[in-house]
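*Asks:* Taken in sequence, the protein lines are chains R and E. Convert by adding 38 to the 1-based position in the first sequence; the result is the number in my numbering. Convert by adding 105 to the 1-based position in the second sequence; the result is the number in my numbering.
By construction, these hints were calculated from the structure, which means they are not laboratory data. It is possible that some hints are incorrect.
Residues from chain R that keep clear of chain E, each with C-beta distances beyond 10 angstroms, as calculated [stated by the list, open to error]: (1) PHE62; (2) ARG91; (3) PRO125; (4) ILE196; (5) HIS261.
DSBU-like, lysine-lysine: derived pairs with alpha carbons at most 35 angstroms apart [to be verified]: (6) LYS41/R x LYS478/E; (7) LYS41/R x LYS474/E; (8) LYS256/E x LYS41/R.
Just so you know, even glycine gets a beta-carbon here, dropped at the ideal spot from N, CA and C.
So you can see what is in the structure, the chains are spelled out below.
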Amino acid sequence: MLKLLINRCCTALFVLFGSLLAVFSINYFLPTDVVDSLSASNASNPEIAENLRKELGLNQPFYTQFSHYIIGILHGDFGASAIDGEPVIDKIITQFPATLSLTLTSILIAMIVGLTLGVLAAVHQNTVIDYVARVIGLFGISMPTFWSGILLILIFSISLGWFPAMGSEGFSTLVLPSITLGLVGAGFIVRVVRNSMLEIISENFIQTLRAKGLSERMVIYRHALRNALIPAITIIGVIIGDFLGGTVVIETVFARKGIGRLVADAIIAKDLPIVQGVVFFTAIFYVVINLLVDISYSVIDPRIRRQIGR
Amino acid sequence: MGKPLLNVSELTVDFKTKRGLLTAISNISLTIKPSETVCIVGESGSGKSVTSKAIMRLIDDENGVISKGSIQLEDQDLNLLTKRDLNRIRGKKIAMIFQEPSSAFDPVFTIGDQIVETIVKHLKLSKKEAWQRGIELLKKVGLSEPVIRMKQYPNELSGGMLQRAMIAMALSCNPDLLIADEPTTALDVTIQSQIIELLNSLKKEFHMAVLLITHDLGVAAQLADRIVVMYAGTIVEEGKVEKIFSQPHHPYTSGLLQSIPKLDAKKETKLFSIEGTIPSLSNIPSGCRFHPRCPFATEKCRLESPPLKNIDGQQSACWHTSELINHENKFHDELQLGRTQETIPIQQEVTEQEPLFEVRELSKYYPIKHSHKTIKAVDHVSLKIYKGETFGLVGESGSGKSTFGRTLLQLEKPTDGEVLFDGQSLAAFNHRELRQKRREMQVIFQDPYGSLDPKWTIGSIIAEPLKTHLKKQSRKEILAAVKELMVKVGLEPEWIDRHPHEFSGGQRQRIGIARAMAANPSFVLADEAVSALDVSVQAQIINLLKELQQSSGLTYLFIGHNLNVVRHISDRIGVMYLGKIVEIASSEELFENPLHPYTSGLIKSIPSIETIGTHQIDTLKGEIPSPSDPPSGCAFRTRCPFATELCHKEVPTLKEYQTAHFAACHYAEKRKVD
Ligand SMILES: Nc1ncnc2c1ncn2[C@@H]1O[C@H](COP(=O)(O)OP(=O)(O)O)[C@@H](O)[C@H]1O
Ligand code: SF4
Ligand code: SF4
Ligand SMILES: [Mg+2]
Numbered sequence: 039m040l041k042l043l044i045n046r047c048c049t050a051l052f053v054l055f056g057s058l059l060a061v062f063s064i065n066y067f068l069p070t071d072v073v074d075s076l077s078a079s080n081a082s083n084p085e086i087a088e089n090l091r092k093e094l095g096l097n098q099p100f101y102t103q104f105s106h107y108i109i110g111i112l113h114g115d116f117g118a119s120a121i122d123g124e125p126v127i128d129k130i131i132t133q134f135p136a137t138l139s140l141t142l143t144s145i146l147i148a149m150i151v152g153l154t155l156g157v158l159a160a161v162h163q164n165t166v167i168d169y170v171a172r173v174i175g176l177f178g179i180s181m182p183t184f185w186s187g188i189l190l191i192l193i194f195s196i197s198l199g200w201f202p203a204m205g206s207e208g209f210s211t212l213v214l215p216s217i218t219l220g221l222v223g224a225g226f227i228v229r230v231v232r233n234s235m236l237e238i239i240s241e242n243f244i245q246t247l248r249a250k251g252l253s254e255r256m257v258i259y260r261h262a263l264r265n266a267l268i269p270a271i272t273i274i275g276v277i278i279g280d281f282l283g284g285t286v287v288i289e290t291v292f293a294r295k296g297i298g299r300l301v302a303d304a305i306i307a308k309d310l311p312i313v314q315g316v317v318f319f320t321a322i323f324y325v326v327i328n329l330l331v332d333i334s335y336s337v338i339d340p341r342i343r344r345q346i347g348r
Numbered sequence: 106m107g108k109p110l111l112n113v114s115e116l117t118v119d120f121k122t123k124r125g126l127l128t129a130i131s132n133i134s135l136t137i138k139p140s141e142t143v144c145i146v147g148e149s150g151s152g153k154s155v156t157s158k159a160i161m162r163l164i165d166d167e168n169g170v171i172s173k174g175s176i177q178l179e180d181q182d183l184n185l186l187t188k189r190d191l192n193r194i195r196g197k198k199i200a201m202i203f204q205e206p207s208s209a210f211d212p213v214f215t216i217g218d219q220i221v222e223t224i225v226k227h228l229k230l231s232k233k234e235a236w237q238r239g240i241e242l243l244k245k246v247g248l249s250e251p252v253i254r255m256k257q258y259p260n261e262l263s264g265g266m267l268q269r270a271m272i273a274m275a276l277s278c279n280p281d282l283l284i285a286d287e288p289t290t291a292l293d294v295t296i297q298s299q300i301i302e303l304l305n306s307l308k309k310e311f312h313m314a315v316l317l318i319t320h321d322l323g324v325a326a327q328l329a330d331r332i333v334v335m336y337a338g339t340i341v342e343e344g345k346v347e348k349i350f351s352q353p354h355h356p357y358t359s360g361l362l363q364s365i366p367k368l369d370a371k372k373e374t375k376l377f378s379i380e381g382t383i384p385s386l387s388n389i390p391s392g393c394r395f396h397p398r399c400p401f402a403t404e405k406c407r408l409e410s411p412p413l414k415n416i417d418g419q420q421s422a423c424w425h426t427s428e429l430i431n432h433e434n435k436f437h438d439e440l441q442l443g444r445t446q447e448t449i450p451i452q453q454e455v456t457e458q459e460p461l462f463e464v465r466e467l468s469k470y471y472p473i474k475h476s477h478k479t480i481k482a483v484d485h486v487s488l489k490i491y492k493g494e495t496f497g498l499v500g501e502s503g504s505g506k507s508t509f510g511r512t513l514l515q516l517e518k519p520t521d522g523e524v525l526f527d528g529q530s531l532a533a534f535n536h537r538e539l540r541q542k543r544r545e546m547q548v549i550f551q552d553p554y555g556s557l558d559p560k561w562t563i564g565s566i567i568a569e570p571l572k573t574h575l576k577k578q579s580r581k582e583i584l585a586a587v588k589e590l591m592v593k594v595g596l597e598p599e600w601i602d603r604h605p606h607e608f609s610g611g612q613r614q615r616i617g618i619a620r621a622m623a624a625n626p627s628f629v630l631a632d633e634a635v636s637a638l639d640v641s642v643q644a645q646i647i648n649l650l651k652e653l654q655q656s657s658g659l660t661y662l663f664i665g666h667n668l669n670v671v672r673h674i675s676d677r678i679g680v681m682y683l684g685k686i687v688e689i690a691s692s693e694e695l696f697e698n699p700l701h702p703y704t705s706g707l708i709k710s711i712p713s714i715e716t717i718g719t720h721q722i723d724t725l726k727g728e729i730p731s732p733s734d735p736p737s738g739c740a741f742r743t744r745c746p747f748a749t750e751l752c753h754k755e756v757p758t759l760k761e762y763q764t765a766h767f768a769a770c771h772y773a774e775k776r777k778v779d
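Here chain E stands alone, though its shape is the one from the complex:
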């Protein structure tokens, strides 16, 4: 199969930090053949980005040094090139796109200027020719009105559009290799799916190799030919995508795969999770770096570091791989039997269906400056949340989920409508009574760090609601209660005097949960509470939330954009689009028999590891329109494949089409499956 395009060998990168030299990646060797797509996966902090930046030698401009190894591109060692020669390769032979499209362009130049600049630098074209080429490229990446887009500034385009423009710029000089570092992570599933589709078609058209970096195995499954799994700065497994996903050889890979909530998994089964968290660079474990989290670790694993060994064309760095696979998939079974059999006893069917929240025609409009228009963030939403259930809320960003959550709890005053909590209207309460009630309703946010005061110890963070809400007085009582809560959410009680920055993302989310639980609430709003976490940690937190729900009889409103996760945790799910609820059903029903085209579109957009390489191409087109100027009639009609004249004129109302299955679409009846 010919010579490799890129051959990275024994690459080691050190960072000069205040605490001395830290080795971020060690002995990374990988090859990429022409037109091949290789995907590096692993939890955040495993060294994926450092590897990609080292290949581009972007590490030079940070505090890093390549202390060992070579980066062979065809017959040149990039590590030995001068800056000048390197700049002839960057953007020409290897192009790169990044995670945050909104900050990846220079804000003071137009998109066109920035694309032209690249083309003029590498291809001997005049500015005018380059501009023309820019327009064609923008057309190619699916941007509407490319002539106008060229003249626009980055802040005038949405994230999805910017990422397309970024891809256009990367492709502008026909690179042999495209490095994409988490290109879809900051985007909605729908837009992510569009970008995956785009990359898939472009890599064929341009015959280029792709090095894709992602923490999302679903995305990897859609694009990769080969997978490289990284853990704590080393490669632990490498092989063909089908093999890795069907028969992982390394316990870490296997753990990652199992942490993903599956479509057919039973609700009551606990999600599999890898215990613990990825080690910090200053504290790398001896021997096999994975041993503190590995269920199969032996004495040898603790002492000696396993080399990558090839078995059936699949490389794995584990002392026990061969035993584990020879035992007729014992390895798999053991993982499955040993750990995931645990279930969380599902609550008795919520039979009496007593609502905790009853929302009637709730609206929240925001005025737009210098305009008579308003942004209808939440527009006449009515629904009930029953006691003891988890109500999931999904929809693209900008659909109004978080605003709904905040207005529900009266953290913001609704423009219109009413919220009944336990039968009483929240609007009728005065300030003091509302504060009392609010104790019963707690919130967990996406970014636990932003919501935890960095100067406080976690003991005082957790104790605060105890003092204000429960009026606990004696220090001893409080201390005992805090420690009990810490144990309950899986934090070591000894950590009570530490500060938030000493904890990992998952642990900080546990602190946030402990603080919420301290007020002894009956309702918890979890707004994107696990979205920022890695799969393995995400699974830990979801399990924790489920356990707490069982032990304390909690009701949840779970807002999320990862449909699989929401599905796994929710009893019922509401789908929101442009401020309106377009569908509500039990989570099984919703996924099996979606009645609204938006819901089906969302479901199809989920990158699944069960469908390797078969990327759905009939996903949602276009982007969510601005809520200040929603389309007439059915707000979804601009993106709906079934839209008719009727949809143009008439707003569909939310109607019950099957028992407890509501949808707002003129043609929902047709889609019903009995």
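Isolated chain R (complex conformation):
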């Protein structure tokens, strides 16, 4: 177990460093910078802009800027917004909870819907249930979130008035956005679970279980599902990555607070410190989730557990 943790932490450092480097380079080599966006609004002259650049360290060579930044992070200093000077860390801390609750509820919805439909589809292969489940899955995967989000708003908010269409206060504002995002994940999970369930059901040991006199419920939910969960969990790690990207759209469509909105605005404003800070935090979040995925893996599959134990 310790070995796994060390292994994961090394990978995590690598991922963090890599993503920071990538964001940094893109920003550095782009022809415009934050000063341009500031001066566009301030209509100031080029001299002031030049001074501003010097002040922000933007005219230093790439490696100097980058190493300053990294050293800053090591000291817990993520810099300040280039636009309003507020510390990056404060901005993230105020925005993060909204995104976290959105991601987690979406995952929860994706798992509940995906597992249920996937299992039902496999157990009732080639029946109406199967077809319906697969169509829902297909919708989830192929519908763009801004589209399905707007659709949900039209139906459940504007027509029926059940849930608010926007905002981030309270649980009710969470419902529509997390359904929108959750459906995407559910689509992937339905596919994977259906396929792995079908494979497991045709394995020899299922016959043994039936021959022992276990009820079909036990056979499917105690034995087959537990085996089928292994590939399902793998893709949850992938889906979470997707969701983090998805929040950018969702938070905009539903006018919610959150990291996604924050970073979208920052990108438009070329507010590099904010973008970097958000990237750093989402990367950490992503790594932690994947570590959890690995751990739950070994809880479910004893073969992996013993391997890790060694």
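Place chain E with the ligands on chain R using the hints.
*Replies:* Below, chain E with the ligands alone, put in the same frame as chain R:
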């Protein structure tokens, strides 16, 4: 003799397939009395498994339906039960074990969890009591350290151990009937013999009836009271085991029995084989389903289907049974005279003894991940294979036979040692020269399907070596050569454009042989080449291999685990254990006078149809140890009944005890019979 426990009557099962409804078994009627062992035999595809699964109603969960018949267990018709009621019977009154122990347990639960689950379901015991009972059951089926085994996961146990655990689980609720579908087929002879012994003692102790399903008549002979012979989804013969084996009434049964290589059969006699193959379900012959393969078929047989008729308590479905037995065993003689008299002229004694292969101290070690140890798959093996002979190699799985074959042909680089082919060291050749040489050495594998590309036609499969090795150019020349080869191995030349999946196992093995022969080799390595085939087809392939050897002067290395088969085809046999050769002798000598205790153990493990019901109980104990951690001294000492202090300390070397009879045992001298 009391009421039957199980009474199956006119059972018919259909499968819904893409090509429509196929009837897998029709009108199967059989009874099993309490404590009786009934054995269903027949070639694969004859419907044995479908019958057993139908009795358990496991067919419901596949694409099958029981379209007719009843399955009476005491006074209940299983076919009419609801799922719930059925689940009270399954595992409690009827338990079942399957062929592949390695895939029969759920991999994510411990053995203990799975046994306990069964006990808790049927007996009103607490989890703790059930766990205790599980430990006792594991002890009963002969598993060492049952407390630990309970907590282990299936992938941590060997096939033999898993099958024992499976039996323990099946017995956990004291069933009245145990259905065992090919319970020993996936196991080594030694382990098979242990499992037969176990079943034999348990069925007495538990007073249970057994329905055993096997394609191996030897196994049937060891366990059965009564035999049911199935062919193409119907029962063709049924009767007491002694009667069936001594005086079969149906030509199919008789054919099956004669296809088995006998211990006393002369080498040069061709093995008896039933011509052709079992028909597919979509193409069932009219009249008697066996008529296309039956040497006695008449017009009536082609038109009308024969019913089961009782003669002297033995039932047989054949129009001509009574004539055939009344003619004072004419039936038997005719089969014998008409077909098995044929011999394959044995080659002149290989007198000059010129070696084709000379193997010197050959070793192949595999590294183990995250460890300094190695697996010694082949460990300092020296032997010679003479020109024109068949050298047989036997031993349990894991003893290193296949690795030896691959390293011999340099398909894998040896760790150490040398192989001389025709006097030249193979290691000295460069890549191109080795390829040239390899043309002369061909391989036939166990699973012909896995080694034939499914997208190619068999014409192009066979033509490939012609093109690459013999540089034949013109299409006409190649076509002619391919057709000639097909005829030679017994395939119809018209089939040239068909694909491998259109052929049966035996035919695919013929394609594999034709491909090997296309390169015009001087040496063929046959690795378990007939192991996956039914006896009747196995006999056809062995005959073919022998004929090819005679006509083309081939040398064979024949690797197998069926000792009777290896004995029949080989001139000399080497016995391998944990990477080492422990005995080499001519095949007669080896069987008559084995010097190594491992060899005698292997020979005793063979289930023979000549010893009905007298199962050898002094067979090999235990299982082959892991080659990564072989015992000190003599590697066999952990299983050897004669092991002493000396065996513990010193490795015995391979020495010649009699002319051309080598053994590696400190006490071989004592066992010598002059
Ligand atoms: N689920 C199925 N669908 C279609 N055909 C099947 C199915 N199961 C078995 N069969 C066919 O039924 C026949 C009998 O099979 P089986 O009982 O397995 O034979 P055996 O056990 O004697 O080897 C075979 O031709 C096989 O292909
Ligand atoms: S009925 Fe005819 S074809 Fe069938 S087994 Fe008897 S003799 Fe042969
Ligand atoms: S050397 Fe000893 S342990 Fe090995 S086979 Fe001979 S008697 Fe048995
Ligand atoms: Mg079968």
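*Asks:* Against this structure, judge whether each hint is valid.
*Replies:* Status of the hints after comparison with the structure:
1. PHE62: Answer for PHE62/R: holds, closest chain E Cβ roughly 38 angstroms.
2. ARG91: holds, 54 angstroms
3. PRO125: holds, 47 angstroms
4. ILE196: holds, 48 angstroms
5. HIS261: violated, 5 angstroms
6. LYS41/R x LYS478/E: holds, 22 angstroms
7. LYS41/R x LYS474/E: holds, 16 angstroms
8. LYS256/E x LYS41/R: holds, 24 angstroms
In this structure, only the earlier hint numbered 5 is contradicted, and the remaining ones agree with it.
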